[in-house]
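Here's the letter readout for the chains.
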Amino acid sequence: MRRGVLVWLQEPEVPLQALREAGDTGADAVLLRRPGASAQAMRDGALRARQAGLSVIVNDRLDVALALQVPCQLRHDSLPPDLARLLAPRLPLGASVHEADDARRAVDAGLDYLVFGHVFPTASKAGAPPRGVKALAAVVRASGVPVLAIGGVTAGNVAEVLAAGAAGVVVRSGIGQASAAEDARALRLALDAGPAPPAVLTRNLREVLHCASA
Amino acid sequence: MPGATSLRAFCFREGRFCLTSLWTLQLLVPADRTCFPQVEAAIRGGVTLVQLREKERGDGETYRVGMELRDLVRRAGAAFFVNDRTDLALALAADGVHVGQGDLPVDAVRRIAPGLLIGASSHDLESARRVQAADYVAFGPVFPTPSKEDAAAPTGVAALRQAAAEISRPLVAIGGIDAANAAQLKNSGVAGLAVISAILGASDPEAAARRLREEFLA
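Residue numbers (our numbering), protein chains in the order written: chain H, 214 to 427; chain S, 32 to 249.
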């Protein structure tokens with residue numbers, strides 16, 4: 214049985230085949246993100262992800278999320294969370310946050326889930342110190358909504374973020390590259406074998422993201 | 032502005048759009064406060080519609096500057112549109128949104144924002160036909176333009192005339208329009224002009240706007 218939620222971070226241009234492969238290796242949802250991507254590119258990517266049987270989260274572009282009725286994940290410089298909530302009262306909304314204050318603001322605005330990171334050192338954030346598992350646990354305690362961990366999470370350390378109370382993880386998928394599928398399967402196994410996140414939160418998150426509760 | 036109703040609702044009477052002068056002279060501006068005095072002057076000179084077109088800044092910043100711009104534009108008496116982003120247009124309670132190639136399709140925008148007026152870009156007759164569900168159709172670049180690096184080859188005035196005759200929506204000419212060539216668009220069948228540098232690049236934006244109107248309408 215699947216426990217933690219596994220979200221793949223992908224550019225919207227990701228081909229259908231790679232999305233199918235991500236689904237096969239145990240991804241629950243795909244988060245489409247590329248700064249500057251056009252609405253059309255986002256929309257096309259979301260439609261391909263649906264075709265591959267994956268739930269879709271659109272990063273930043275609330276207009277695309279509204280048009281497709283899929284969840285939207287706000288970033289630091291997106292529309293303010295309270296305004297996004299007002300514009301999309303029934304859409305699942307998340308926010309990426311970096312500290313407990315941001316987390317509280319997002320939850321007060323009525324957002325459904327949070328993404329916190331980067332938890333571990335990661336090449337994409339070289340130079341910026343990782344925020345660590347303790348800070349993750351603090352955000353989990355402060356928020357009361359499901360929190361996904363992002364940044365340097367692997368099969369080797371995923372147990373730590375689960376122990377901190379994360380409902381799942383967001384990872385940049387190397388799908389399409391050599392050995393990526395193997396890494397992905399290992400992560401899925403570790404997510405299912407690690408400490409169980411609070412069942413109520415993962416269930417809630419799966420509902421929010423329209424993930425299959427397999 | 033009509034109290035609680037939208038400009039779109041206000042403009043339609045018995046299914047007909049009754050405020051065609053809204054399209055006469057459109058100015059596209061970035062989310063940059065230093066442009067505000069020019070925008071105010073341009074509206075005094077006869078700009079009827081200001082479109083916020085921001086491609087660089089983040090949404091949060093665009094939203095904050097956009098609110099100030101919207102208030103300024105409304106106070107000065109013009110309509111306020113947002114380029115590309117229907118979510119920002121809704122957040123800013125704009126009068127309309129303008130979508131181009133690569134943005135959400137017109138029918139999707141209509142579904143999520145039924146209260147907004149919608150403009151859509153086209154570059155030839157074929158693409159203009161495809162966006163006739165919009166409230167106005169922008170057509171261009173009519174002339175060579177320095178404002179848009181990835182702009183297509185100029186359509187010329189003849190293609191513009193043909194499109195204006197065939198398209199069921201008001202056509203707005205865009206691309207490389209200035210006081211020197213605006214007269215060529217007179218009686219071409221288009222409802223109006225859209226410019227950037229002809230006004231924002233002028234030392235006297237008010238006079239530049241007035242001159243454009245005179246050349247086009249006189």
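A portion of the hints provided could be inaccurate.
To be verified - With a Cα cut of at most 25 Å, we get these calculated DMTMM-like pairs of lysine to aspartate or glutamate:
no.	chain 1	residue 1	chain 2	residue 2
1	H	K338	S	D235
2	H	K338	H	D321
3	S	K86	H	E224
4	H	K338	S	E197
5	S	K86	H	D405
6	S	K86	H	D321
As the list claims (entries may be wrong) - Quick list of the computed label-pair ranges, beta carbon to beta carbon:
no.	chain 1	residue 1	chain 2	residue 2	range
7	H	D321	S	R160	15 to 25 Å
8	H	G266	S	A184	36 to 46 Å
9	S	E45	H	R317	47 to 57 Å
10	H	S337	S	Q132	44 to 54 Å
Worth flagging that the hints you see were computed from the coordinates, not collected in a lab. Only a predicted model underlies this, so the values are computations on that prediction, with no experimental measurement involved. Using N, Cα and C, we set each Cβ at its ideal position, and we do this for glycine too.
These are the hints, each one checked on the structure:
1. A hinted pair counts as satisfied when its Cα atoms are at most 25 Å apart, and K338/H with D235/S does not qualify at roughly 47 Å.
2. Annotation: proposed proximity of K338/H to D321/H is violated, straight-line Cα distance about 28 Å (limit 25 Å).
3. For the hint pairing K86/S with E224/H, the CA-to-CA distance comes to about 19 Å; that is within 25 Å, so the pair holds.
4. For the given pair, K338/H sits about 54 Å from E197/S by alpha-carbon distance, which is inconsistent with the 25 Å threshold.
5. The hinted pair formed by K86/S and D405/H fails the criterion: a straight-line CA distance of about 42 Å is larger than 25 Å.
6. Distance restraint check for K86/S and D321/H: the Cα-Cα separation of roughly 30 Å exceeds the 25 Å cut-off, and the hinted pair is therefore not satisfied.
7. Separated by about 48 Å at the C-beta atoms, D321/H and R160/S break the suggested range of 15 to 25 Å.
8. Roughly 43 Å separates the CB atoms of G266/H and A184/S, a value that falls within the hinted 36 to 46 Å.
9. Taking the beta carbon of each, E45/S and R317/H are about 51 Å apart, inside 47 to 57 Å as hinted.
10. At about 30 Å, the CB distance of S337/H to Q132/S disagrees with the hint of 44 to 54 Å.
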